[in-house]
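Hints in hand, dock the two standalone chains.
Chain by chain, the residues:
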Amino acid sequence: MAFLDYLINGISLGSIYAVIALGYTLVYGIAKMLNFAHGDVIMVGGYVIFTMMSNVGLNSYVSVLIAMAACTVLGITIEKIAYKPLRQSTNLAVLITAIGVSYFLQNIALIIFGEKPVTFKSVIDLPKITLFDGQIVIKSEAIASIIVSVVIVVGLSLFVNKTKSGRAMLAVSEDKDAARLMGINVNRTISLTFAIGSGLAAIAGALLCSSYPVLSNTTGAMPGIKAFVAAVFGGIGSIPGAMVGGLLIGVIEILGRAYISPQLADAIVFAVLIIVLIVRPTGILGKKVNEKV
Amino acid sequence: MSMLEVKDLSVYYGVIQALKGISFSVNEGEVIALIGANGAGKTTTLHTLTGILPARTGSIVFEGTELTKTPAHKIVKMGIAHVPEGRRIFQQLTVLDNLKLGAFTRNDKDGIAEDMEKIYKRFPRLEERKTQIAGTLSGGEQQMLAMGRALMSRPKMVVMDEPSMGLSPILVSEIFDIIESIRKDGTTVLLVEQNAKKALSIADRAYVLETGRITLSGKASDLINDEKVRKAYLGE
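These protein sequences, in sequence, are chains A and B. Quick note on numbering: the first sequence equals residues 10 to 302 in this note's numbering. Quick note on numbering: the second sequence equals residues 10 to 245 in this note's numbering.
Same shape as in the complex, but just chain B (with noise of 0.2 Å):
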């Protein structure tokens, strides 16, 4: 059985349905890409995913537990961490209390600061700056701490939405090699991405998003050579 499984959602913004009947599933240890145009609703499956908004229809099961009746915070504690679009980090907290904020769910004092320890190995940037205001961190700084903050969960699957957004092409970059990493480290990934190319290199399999509905689907080394996607999101 797979880790996360989807179906049939449909999620309404008042009267103007979003996602119409949606079903994919993420397996343990997957990236995941979901990629598509800008109101195609990825966004919408993520905040739907972690409880920011509500389903209408359909079921998300994760490890055998139902989330749409799930309220968001909750959701943090059963393993999934979401890395926001726009990243929201607390802007006028320090990194450090940002990182802390991430382990909210945790008790473990000791687990979190072995957390904390790897994160600043893997992202050394934020040990350097972890007692300054996140605000005034650089875009990719305050993505590097938005990832940092979701993995302070010890999430057993981590939600990215647009993680490259409004970065540079050396950033970029470094925060898919990041995401490779994360993965490695056996959790598992579902990214939503406008660079669908970026994000198709590294997924194991990808799920394509028009209007609220998933009109293709495959393993993404496939998808990187189908004609229609090489179209439209590829820009070739």
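This is chain A alone, in the form it adopts within the complex (with noise of 0.2 Å):
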């Protein structure tokens, strides 16, 4: 019983990495660069959640929409102020403006909410499910996890491949100049991208800070690079890819601290990328990419 227990913490875990790959994914499809401050907007968003419920009181629903808008608002102006001056830039420089952008997030927050870290209350409020005459008890944040992360892969993918702005993102992902031909706007198409990517952050900081209720300044970071490694594990710029990389490198993780070494776990998570990548480098569900000759 004690596998399926910690299979189905590992799913859960996995489900907040596949919503935070996701913002790394459709960022790097769209506008071909690393995002390295993602996870930070996630401690953002965890932030603005704990703020609205603690301080001004809200009720949970109402400041995870609240953060949501914030963290949209966040990633938008990221994006024109930071990265948009550097679209013609080497993507060197993109990657170390992308860190700078990190470390200054983490570091206003330091500013504002101090070093010590703050206890965040569960968003779900709703109660566990007790199976096997109580040998297996699944915490609702599980449940949660695992469902918003299913709706959330599932709505997204309808919206970029059934909608009119969706095949705009295919479309601005292979070609940009040819994009601007159709009457596309690129510079729309990217912000939109950052929108989803940045609000999305925001419903992953509520799901990990529910489950993993300790916040402070630092609380995205570690789980921004897993969710990176997620999203190159199951094939960067694929949304289906995303949400495998996310559950197997979930569920990776908790088995192997739970089997192997608690002290290993993390390193078990980058080691297995390795391997994947050595087999094949464009990931579980990556498509090859053609170069233009």
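For the record, the hints were derived by calculation from the structure and aren't laboratory data. Be aware that one or more of the hints could be misleading.
Okay, the calculated beta carbon distance ranges per label pair [claimed, not checked]:
#1 B:Arg239 to A:Ser174: 50 to 56 Å
#2 B:Arg239 to A:Lys173: 47 to 53 Å
#3 B:Thr220 to A:Met231: 54 to 60 Å
#4 A:Leu13 to B:Ser147: 51 to 57 Å
#5 A:Pro94 to B:Gly244: 47 to 53 Å
#6 A:Thr99 to B:Ser68: 32 to 38 Å
#7 A:Lys130 to B:Tyr21: 58 to 64 Å
#8 B:Asp117 to A:Leu13: 51 to 57 Å
#9 B:Pro178 to A:Asn170: 38 to 44 Å
#10 B:Asp117 to A:Leu167: 23 to 29 Å
#11 B:Val24 to A:Lys89: 26 to 32 Å
#12 B:Gly244 to A:Thr86: 57 to 63 Å
#13 B:Gly48 to A:Asn170: 37 to 43 Å
#14 A:Val163 to B:Thr220: 53 to 59 Å
Heads up, simulated DSSO-like pairs for lysine-lysine below, C-alpha to C-alpha not over 30 Å straight-line [said to hold, decoys possible]:
#15 B:Lys127 to B:Lys139
#16 B:Lys165 to B:Lys206
#17 A:Lys173 to B:Lys86
#18 B:Lys83 to A:Lys41
#19 B:Lys86 to A:Lys171
#20 A:Lys173 to B:Lys127
#21 A:Lys93 to B:Lys83
#22 A:Lys137 to A:Lys148
#23 A:Lys171 to B:Lys109
#24 B:Lys86 to B:Lys109
#25 B:Lys109 to A:Lys41
#26 B:Lys130 to A:Lys173
Not everything, but these chain A residues come out facing chain B in the computed CB check (under 10 Å) [to be verified]:
#27 Ala177
#28 Ala180
#29 Ser182
#30 Glu183
#31 Asp186
#32 Ala188
#33 Leu190
#34 Met191
#35 Gly192
#36 Arg197
All residues carry an ideal CB built from backbone N, CA and C; glycine is no exception.
Next comes the structure, spelled out in structure tokens:
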């Protein structure tokens, strides 16, 4: 029964990684950049929810909605101020800027909220599920994480493949100039991508902090990196890939922690990534990129 | 007044001047050919026209509106569609999605459906392959898709960049037949071609570009008999 317990925990954690990984994958697919500040947007979302619930006294779901709005605005602003001026620059310049934005957000949070972590009150207020006469207890946070991530992946796939804005995102992802010639506003499409990714980061923040209720200015950093690993693992640029990668990383991490070594759990995650990239460089569901000659 | 009026247009790539003050005009209903060797500035001209490249000096006026300050995505809506060099279709999307993207600026559902039918009639192979991923089409089919995609914006004017490039002689003739039929439907065509002979045979007028300058212009039927043109571009 312990195995089943670990598996459920792994799937739940993996679902949260999946939601974060979607942000990486969308922005990478469309803007062709690694937004390393993405994890910190999760932390900002967490603090917005915390403030709204604890200091303002709002309902948890309203707080999540406010955090989504705040993170969406934050994401668009980061893109406008930090990344857009570098559209013609080298990838390295953009990457370093993203790391800079990451530290900037962490330090702003440090100034506002201090270095002492706060205890986050779960946004999910539902009973837990007990199976097999109490041998397995599934926390409502775990169920919520799984359901929310599935809904997001399905919704996002439909949005990208079935709507006009989604089709514009696919076109921009493949060929920016050709997309312009179709009448697509490329800058607006990139803004939309950051808006969606950051809105999802707020949801991820709500789920993450509800399951692991300690919130500090570096809360987003490690899950951010692991979700990035998940995105690469699943095939960066692919929406179902983010889901598959997220779930696998979550399960590997929890099982590794339980059966191999709690200290080595993170190392195992990265080791698996290295092996996958050696065997299959485009990730599990990644498309082979046909470089134009 | 002409539909399109280009005056003293200069374009730079960094410090290199690609267009050195060219002027030309296109009247409604015409097929205009822009011919010249590699690197003469033909593609640069089209890219500047549709807003992909910025102009340094000069003006481009389309139906009374200045285009040099208009972003590319708005120019499509004004009625200019661009069939780019090398087709630039969206390889990973289906044929149908490519055509839908061609109609991106339009919101008239019925009109779009009507034009889709027209394009399927003109290019029956695109209808057969509409659910296929565009990257799996043959070169000729991809060129037809690029043309169909451009027509989906219901343009007043289509600019085409080397539509016959890399195609077999039979397909080249087919492409030029299609260009003629597009003109017959009332769409103005600005055609850039290395296949000068074919281009001059269907064009009304033509301009010859040499290293960023227009060196010759006139009726296509006159140019095709011009001694210099025959030597330099028709290989005679």
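List, from low to high, the hint numbers that the structure doesn't satisfy. none
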